[in-house]
Amino acid sequence: MKVEIWSDVVCPWCAIGKRRFEKALAQFAHRDEVEVTWRSFELDPSAPREREGDLGEHLAEKYGVSREQADGMHRQMTDTAAADGLEFHFERARGGNTFDAHRLIHLGAARGIQDAVKERLFTAYLTEGERIGDPETLVRLGAEAGLDADEAREVLASDRFADEVRADERQAQAFGINGVPFFVIDRTYGVSGAQPADALLGVLDTAWAETHPLQVLTPAGGATGEACTDGSCAV
Numbered sequence: 001m002k003v004e005i006w007s008d009v010v011c012p013w014c015a016i017g018k019r020r021f022e023k024a025l026a027q028f029a030h031r032d033e034v035e036v037t038w039r040s041f042e043l044d045p046s047a048p049r050e051r052e053g054d055l056g057e058h059l060a061e062k063y064g065v066s067r068e069q070a071d072g073m074h075r076q077m078t079d080t081a082a083a084d085g086l087e088f089h090f091e092r093a094r095g096g097n098t099f100d101a102h103r104l105i106h107l108g109a110a111r112g113i114q115d116a117v118k119e120r121l122f123t124a125y126l127t128e129g130e131r132i133g134d135p136e137t138l139v140r141l142g143a144e145a146g147l148d149a150d151e152a153r154e155v156l157a158s159d160r161f162a163d164e165v166r167a168d169e170r171q172a173q174a175f176g177i178n179g180v181p182f183f184v185i186d187r188t189y190g191v192s193g194a195q196p197a198d199a200l201l202g203v204l205d206t207a208w209a210e211t212h213p214l215q216v217l218t219p220a221g222g223a224t225g226e227a228c229t230d231g232s233c234a235v
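Numbering (my numbering), first residue to last: 1 to 235.
Keep in mind the hints are simulated off the structure, nothing from the lab.
The beta-carbon is built from N, C-alpha and C at its ideal position, and this holds for glycine as well.
There could be a bad hint or two in this list.
Label pairs and their calculated CB-CB ranges [said to hold, decoys possible]: (1) Gly72 with Glu52: 38 to 48 Å; (2) Arg49 with Glu210: 41 to 51 Å; (3) Gln69 with His30: 37 to 47 Å; (4) Asp186 with Arg92: 33 to 43 Å; (5) Glu52 with Glu128: 14 to 24 Å; (6) Gly72 with Glu33: 41 to 51 Å; (7) Asp150 with Ala29: 17 to 27 Å; (8) Lys23 with Glu210: 35 to 45 Å; (9) Gly129 with Gly202: 30 to 40 Å; (10) Asp32 with Gly202: 17 to 27 Å.
Make the full structure from the sequences, and use the hints.
This is the structure in structure tokens:
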């Protein structure tokens, strides 16, 4: 089973969705047969490399609410994250363009450590206040996740993996994805949002059952074993 997850590293619901999916996957009977791939989605492709002002100010301006209301939204999100074992510090967050971060995640996929790179970038932005659009910061974060620093620097100084990021974004448009996180299972089933772990587990079970139907075998000779049916047994 292949699960593709479209998300952005500056999306708090995406980090929460990741943690909830991990909880669901840990309970899934066929978890060892699931391949997870992180796909690129930029919430704000036009964002500068580093955004001026703090996140509360930007949120208030974007949604036309007061600063107090914006801070309240952040407190509510922080409480939600804490319930899933995550620690958010929006007062530290330094917004910026995430295109290079997505390229680094693709490098992580090529080196077999995509999940570790994704997790490191989530924590860097949502908890530590790292500059998510700064190339040298990304090189350091990638190295902390297990990437070779020189290769990461080379990638970010070039256009490597740019086509892969754009391809992910085109596929998101083709699927009609306009919000993240968004989970796609075997290019057949789609789930929008950071659903509870139990709901995600139910989706995994359903998808597995429909793509791996039970094969009922008849013993040699076509004999049928005795069985109880309709609440009674013939004896």
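Q: Go through the numbered hints given earlier and state which of them the structure violates, listing their numbers in rising order.
A: 1, 7 and 8
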